[in-house]
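There are 4 protein chains.
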Amino acid sequence: MTTGFFGDVQPVRFEGADSTNPLAYRFYNKDEVVAGKRMEDHLRFAVAYWHSFAWPGGDPFGGQTFERPWFTDDMAGARLKADVAFEMFTALDVPFYCFHDADVRPEGQSFTESARRLDEIVDIFARKQEETGVQLLWGTANLFSHRRYMAGAATNPDPDVFAYAAATVKHCIDVTKKLGGANYVLWGGREGYETLLNTDLKRERQQAGRFLSMAVDYAKKIGFTGTILIEPKPQEPTKHQYDYDVATVYGFLKEFGLENEVKVNIEQGHAILAGHSFEHELALAAALGIFGSIDMNRNDYQSGWDTDQFPNNVPEMALAYYEILKAGGFTTGGTNFDAKLRRQSLDAEDLLVAHIGGMDACARGLKAAARMLEDGVLSGFVEERYSRWNSAEGQAILSGQRTLEDVARRVIKDAVDPQPRSGKQEWLENVVNRYV
Amino acid sequence: MTTGFFGDVQPVRFEGADSTNPLAYRFYNKDEVVAGKRMEDHLRFAVAYWHSFAWPGGDPFGGQTFERPWFTDDMAGARLKADVAFEMFTALDVPFYCFHDADVRPEGQSFTESARRLDEIVDIFARKQEETGVQLLWGTANLFSHRRYMAGAATNPDPDVFAYAAATVKHCIDVTKKLGGANYVLWGGREGYETLLNTDLKRERQQAGRFLSMAVDYAKKIGFTGTILIEPKPQEPTKHQYDYDVATVYGFLKEFGLENEVKVNIEQGHAILAGHSFEHELALAAALGIFGSIDMNRNDYQSGWDTDQFPNNVPEMALAYYEILKAGGFTTGGTNFDAKLRRQSLDAEDLLVAHIGGMDACARGLKAAARMLEDGVLSGFVEERYSRWNSAEGQAILSGQRTLEDVARRVIKDAVDPQPRSGKQEWLENVVNRYV
Amino acid sequence: MTTGFFGDVQPVRFEGADSTNPLAYRFYNKDEVVAGKRMEDHLRFAVAYWHSFAWPGGDPFGGQTFERPWFTDDMAGARLKADVAFEMFTALDVPFYCFHDADVRPEGQSFTESARRLDEIVDIFARKQEETGVQLLWGTANLFSHRRYMAGAATNPDPDVFAYAAATVKHCIDVTKKLGGANYVLWGGREGYETLLNTDLKRERQQAGRFLSMAVDYAKKIGFTGTILIEPKPQEPTKHQYDYDVATVYGFLKEFGLENEVKVNIEQGHAILAGHSFEHELALAAALGIFGSIDMNRNDYQSGWDTDQFPNNVPEMALAYYEILKAGGFTTGGTNFDAKLRRQSLDAEDLLVAHIGGMDACARGLKAAARMLEDGVLSGFVEERYSRWNSAEGQAILSGQRTLEDVARRVIKDAVDPQPRSGKQEWLENVVNRYV
Amino acid sequence: MTTGFFGDVQPVRFEGADSTNPLAYRFYNKDEVVAGKRMEDHLRFAVAYWHSFAWPGGDPFGGQTFERPWFTDDMAGARLKADVAFEMFTALDVPFYCFHDADVRPEGQSFTESARRLDEIVDIFARKQEETGVQLLWGTANLFSHRRYMAGAATNPDPDVFAYAAATVKHCIDVTKKLGGANYVLWGGREGYETLLNTDLKRERQQAGRFLSMAVDYAKKIGFTGTILIEPKPQEPTKHQYDYDVATVYGFLKEFGLENEVKVNIEQGHAILAGHSFEHELALAAALGIFGSIDMNRNDYQSGWDTDQFPNNVPEMALAYYEILKAGGFTTGGTNFDAKLRRQSLDAEDLLVAHIGGMDACARGLKAAARMLEDGVLSGFVEERYSRWNSAEGQAILSGQRTLEDVARRVIKDAVDPQPRSGKQEWLENVVNRYV
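Chains as they are written, first to last, in full-length UniProt numbering: chain V, 1 to 436; chain B, 1 to 436; chain D, 1 to 436; chain F, 1 to 436.
Result set (DSS-like, lysine-lysine): computed pairs, CA atoms no more than 25 Å apart in a straight line:
1. B:30 - B:326
2. D:326 - F:239
3. F:239 - B:239
Please keep in mind that the hints were generated in silico from the structure rather than gathered at the bench.
Using the sequences provided together with the hints, build the complete structure.
This is how it looks when you write it as structure tokens:
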């Protein structure tokens, strides 16, 4: 028996590229083997609970547009929401979901009541996971919506807010472990500032470092074997968010000696807001050894706020999966859609259609990326381009056997006069277009 | 005897706020004591050689607009340029200047010839410094204009380009030391990429780390006692520049163990291009212990390229100097104008007028900042805002004596329910307006 | 007897520049004569009802932070809100306020009920206006918050939404007239699109033209003597808003023959979001003969959404009022603060302090602008710069007495070879700094 | 006999989607019929002379990277350049090219000499056109590179600059007519301002209107039957360019009564810099009846300057050609590549490869667009969405038979309460992905 929210929805099946059935996959064929792995195991899709089931469709200029029977702000609504959510996970046949505490249960009158409510829903989740086989990609705590967090959670001027946030994270790690979550994510939604005039940036940085260290220690202590992830974002809601981008998070982790304990969950939309391409953030995280997971929701390049749209531009996605494959693919991470329906997409069916479109686009991107990698045309060019660094002198420089003077002496003695070679950007872009 | 370029220019003098003489200072009064120091010692103004004397006024859509008698691309021109430059330094009565190798001498046919030409000009500079008392704030090497650097200097796929750049930096550190430079700056103009398709980001990062380590070692070895500075910039000329912003540079320094050896030279315009306020970059660098020097040239907030304009918005500048004063002021660093005349500002006088306006605006900013700091209204508010962290429990958390469980237990036991307090942003902004 | 919301607030008085009283004006001295007019008559300040009294402090990542006794969503709350609002208008001694229908009354179950509720509040307003002397700068209709408008009001694919919006505007014009409003404003909050894929841009443009024509006709018919204003904004909430900027609105008005009937209400923040300086939009509107009124709330240049901050940068504001004074100043228009408290500014006092700071900054800007204009240094330069156009030949060209061939013939015959002259931008910027 | 610049280049042929030959077309098959027309006749490709043959590879931080034998600044170089250009046009088998006066001949000592040099090259072009069958899509005058234009051409404060520019345009229209050009383009490279402080915006607008009117009159008089086009751009080189975007140009044309005389040449990169999608600008121009031609070169969304890259994102291009096809396709216009090689793309082959990739991507985009249009799924949805406007009441409103009161009366009488319907954005985006 179902809730009926999606009507008599049938499980979404792969029908091939020629299908025009809006409720079928055209490219995502979970058992198809791509680059040596089943697509499902490569992509590790997850649905985000909050945007799909808790967001009412508001924006800064208008309120709720969605009408969902579970928008009741009580536990009955929360239970109905869980039913509908797992119906959708099953219908889509996705292996994973993600959640915040605040989107699965109504806020209680006290910390204890909120926790108790979360526990009740988590028990439901545990049972449903068992029934459906759907697993938890990651859990997280919402430390930004409630007014107590308006000036930050870990970085709040009030240590009691820090404490409240810490207690919340402890509980969320607990339930994530209980549900077998593959990762635990921290997004510093209010860890940032509105104006330096009322902010002690250095102090707040120390607070944030302490908070993260405590969370990492706790996760270890209780034997949580998932990955701890930070999700970078440059701004919005605050004028300046501390976890600006991958490079910034790396410096922060290094400062507090956490670079081997914590990785990053990279969102395409956040990369764009930070002025980077998504593939830049992925490649950088891989180079720094902190690549973890992705939120595959795009931003409009021309809108300066977080638009959280379902992805659909296959050529861009192919470049993203190309970096992911080069980095060895996901281990504990996966492809989460932290994506909102457009607020005019009112129908239950729109929820399914949006995920199907996003998953299909990811599948196309992955397949294109796999072919790029297998053909080796792109990587071969890059290897050749840097090949002179494989010379004895190149290696001597890189390994620290040459001083500035050594090198300068050689330049003068040999009258070194390097000649530039074409970077072949247009040709490389054309090559990419062979695959997408 | 002068070159006559500036006509019969008289030294620019302080005439007070009511002066309408375009060639007088209205606020910069070098011997006036502000916050316990002479203004000259606080601000440590420097003129940038390249923009003021070597830039022809071109932009991507048009060529040279300035007609300077020294635009001859030979050593006679270079000598005339040096004469005019020191005439301007003297006329403005600035204590410092800065230069790249490429803007003081024409490129030679070989590394050796270029170096010899630089040496000749450096001898002239040394003599002129002695005659005039003007000093060198920093020297640097231009590793971006020549086509050999089109794919990077330290991060080039060709190790010979790395070598050429290394030899150049060695020579520039040598001459900077010879001229008693207070700092040596590295700006990675082409250290970045145009497309990831032809780039090995990880490799390039290693190359950059090696290059910087070699430069630091060399400077130490020869006893250069100035500060080594990196100048962050996010993009332009390349699509992605590695030294994106202060946070990124910090992570890079940490990775290569150089965070105690190298500091940052922060440009207002580059901060803006990176999506930050100038004061953010200053406060962050101070918090991370890597604040060094500034380039006080603004960007147009609405133009997405480097506009390098002379600064003139006093309220913004006051906030910048407020952060600098809070950080203890400059040690080896100073206030450089890496600013271009607008390309329509053709007259010799425009060069003087632009610097005078910029210096006056800095002086106003500094004086306002000093008063803000002395009055203590702003800092008092911030201290009070965080004062609860000074409690025993707050300190216990910060010093690592509390685990996540400890804190969670207290939240539950005490039913902690923190209440938000006003952040008073508008009042703080009004307070700032008392001083500017 | 007061509501007590503001405590025992006293009317805010002018105390002069040295005052540190946060509840006093330091520059706004309403009876002081500037450029031949009382400051109050120049600036014509208005408080915006919605942001100050109806906005709960939410943003896309968090809910209500403000706790106001009138947030009850019933008519009792609406009446209390009106009381508090007029207490604030009186305390601030502002001559004007502005409102939308939706921020003064709770939405009813039907159009008729909503209208009746509005009428009730309008009667209260009328009485309070009489008691206090505060007047209505403009009224407007909220055609964007309710879900019925999610796909536009005038530009909705459903003509019934157009009709509902039209009925709403009719009623709002009626009550604006009743209250003696000096203007009526249309902001096309949802007049735009999210995706061209579901949009017939041409059709929607026709609908918008029709709607505006009907509103203009109606206002004339009932003898509304105020000005009809459109408020341009480029994006947000929708991806593309039709009333993008002043130039776009002008083209729209010309297409429908309304350029003599409708003027613009220009917001600084919207100008910035459109990539323009505020003064550009002002100067352009003046040149096109459609300048009407302003919303003097700034955007953060680095935040890509509408930040609606109280203004505080005096040099920028001086340039804005300089354009306004050059355009002859306000007639029916004025200086509205469509500004939100930061969501952390929780206190009642913050509302007062924010307006006081904004008004003082405007007053300083106005006074600086008046001096710039009186001294004539800036305008004198501009006149001289174009003076050659006053020659016989210049006038002949401009008046259409020369063809392209005439002019070409002269260029060849006289070997015309024009020489560029310095644009003196830095000097002009320094001149501005004399006044601010 | 060829110049040998491209080696023994063979004409580029269509080889089909599976080809990996970098010098073959994979999708552009000129004689293939798409939507009832040969692809060549649909796309009307043109190569831009300036970027391909005259641009040296410089950027604001570095000089020439390309080494071309014709970079000699004399007429011999200009003739060699023409030979190479037509060799490339022929090799690519493009039907059209475009040029500015300044990129085909070196500047002379006087207007007369410059004109004579242009005439000489035009004679060569005429002969080559005859020999090769390649035609001129449009000619234009460069009114922005020379220092005489630093403060504008038509909008210059000096009427002699206006005159010089007018004489230049006259001559360029003459030679465009002589060469049978299908269009004449005006891009206002310096028609804008750097600072309002030295600018009389209203005056400059009048000058621009006069200039355009004179050009239109002259073109008519001499019987030029091509289309006069304005190319919008928002900023760069100047802070504010007058021809900001399509909407702005429309308002300008309306003001001077030229909306039936002049159309727009829309560049994707300029659309992006103005904050618009390319398809927005196309759809708007079509709606306003001023769509003319396109420059199909993209901008990097994250670089705030004009990057002029060859296009390669097929899904984006499909949406652009979809708007073009809906507008009826090109008449005199075409698809010009106003695109620069990346400055590291040094090889002769890169020029060919870049154009081939761009043309192939256009061909894919066109074919996808044609299928979208033929299938009618997208347009069917839109028609249905607005279908209620086809009711009697909808038509009565649109045709002006209803007043605001009429409509309001009906809303009240019928208790109109419109219910929103899903906008189906995600489904529509999925539908687009069926075709690309």
